[in-house]
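Can you make the complete structure from the sequences, with help from the hints?
First to last, the protein sequences are chains P and U. Residue numbers for the first sequence, in this note's numbering: 1 to 108. Residue numbers for the second sequence, in this note's numbering: 109 to 271.
Hints in this document: simulated from the structure, not taken from any laboratory. Heads up, the beta-carbon is just placed ideally off N, CA and C, and yes, glycines get one too. Careful, some of the hints might be misleading.
Claimed, not checked - In silico negatives: residues of chain P with every beta carbon more than 10 Å from chain U:
| hint | residue |
| --- | --- |
| 1 | Trp59 |
| 2 | His67 |
| 3 | Glu70 |
| 4 | His73 |
| 5 | Ala80 |
| 6 | Glu82 |
| 7 | Thr83 |
| 8 | Lys86 |
Claimed, not checked - Simulated coverage check for chain U against chain P, where a stretch passes if three residues somewhere in it have a Cβ under 8 Å from a Cβ of chain P:
| hint | stretch |
| --- | --- |
| 9 | 136 to 149 |
| 10 | 163 to 171 |
| 11 | 200 to 209 |
| 12 | 220 to 227 |
| 13 | 249 to 263 |
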Amino acid sequence: MFVSNATKTAPALPEVKPDPGVKNLPANELEPGYRVICWNDPVNLMPYVTHVFQVVFGWKKTKAEKHMLEVHHQGQSLLARETLEKAEFYVHQLQQYHLHATMERDGK
Amino acid sequence: MKFFHLSADAYSFEFVRREKQMLFQVLGCYPLVPVAHHRLSRQSDPDGGQQAWLEESLAAHRAETRQKVRQLMTNPGNFPPTGGGFHWTATRGDLEWMLQVLNDVRVGSWLALGSPDLASAQAGQPTAETRERWMTMDLAGGFETIFIAALGGELPAQAGEDS
Numbered sequence: 001m002f003v004s005n006a007t008k009t010a011p012a013l014p015e016v017k018p019d020p021g022v023k024n025l026p027a028n029e030l031e032p033g034y035r036v037i038c039w040n041d042p043v044n045l046m047p048y049v050t051h052v053f054q055v056v057f058g059w060k061k062t063k064a065e066k067h068m069l070e071v072h073h074q075g076q077s078l079l080a081r082e083t084l085e086k087a088e089f090y091v092h093q094l095q096q097y098h099l100h101a102t103m104e105r106d107g108k
Numbered sequence: 109m110k111f112f113h114l115s116a117d118a119y120s121f122e123f124v125r126r127e128k129q130m131l132f133q134v135l136g137c138y139p140l141v142p143v144a145h146h147r148l149s150r151q152s153d154p155d156g157g158q159q160a161w162l163e164e165s166l167a168a169h170r171a172e173t174r175q176k177v178r179q180l181m182t183n184p185g186n187f188p189p190t191g192g193g194f195h196w197t198a199t200r201g202d203l204e205w206m207l208q209v210l211n212d213v214r215v216g217s218w219l220a221l222g223s224p225d226l227a228s229a230q231a232g233q234p235t236a237e238t239r240e241r242w243m244t245m246d247l248a249g250g251f252e253t254i255f256i257a258a259l260g261g262e263l264p265a266q267a268g269e270d271s
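Shown next, in the form of structure tokens:
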């Protein structure tokens, strides 16, 4: 790393305050502990479900189709296991497309 | 309907008059799914806060999308006439919100029909009262299938408009 002789003192670092929202979350809510599940229903078309999985999760078509077929044949598919915030985000995205998706706490 | 894939992010469709009417018929129904229809979790939400957040978020998104639908349908420049009908050129982003709108109408129509099991022979036959709902639901699904195929590169594209 190049260090200039012209600078003899380190620049002042900005003060970083902790996000009070994060600080107040219980420790267990910061850990991956929520399952994002897509449930089967009679109305959502299979190509549509596959497409939404690709868009929301960035999956390739083969992986998206695998989860779609799980939903179709087994009634549900575990799409992700995430922190509270991330799980909420995914469920929100899936529900904007009107898929039947929920988040469930692990172990319950 | 004809499809022209103009560039990486330009998808052009040519509708005949009747197809445009059908698309507008479906879009005009939006939104149909009640905001409270979606549940964040099947587990209990003691203070209802998380569910309320979800509903608020979905409602805001819906209001924004409604505006897009209104603009699409009311600005004649969006569907310039051609010799064969009307053109509509969309970005990938346009097609994504269009898919959300179409599926809202599809799912909402299904809910209004009493959530029949569509795979079952007992799903019921359309009556004079429900025929339009069934048709709207099917139309929405038909347009979804076309736009998804276009996005996935599975729809045969016509030769370029300028070629």
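Violations among the numbered hints, reported as their numbers in ascending order: none
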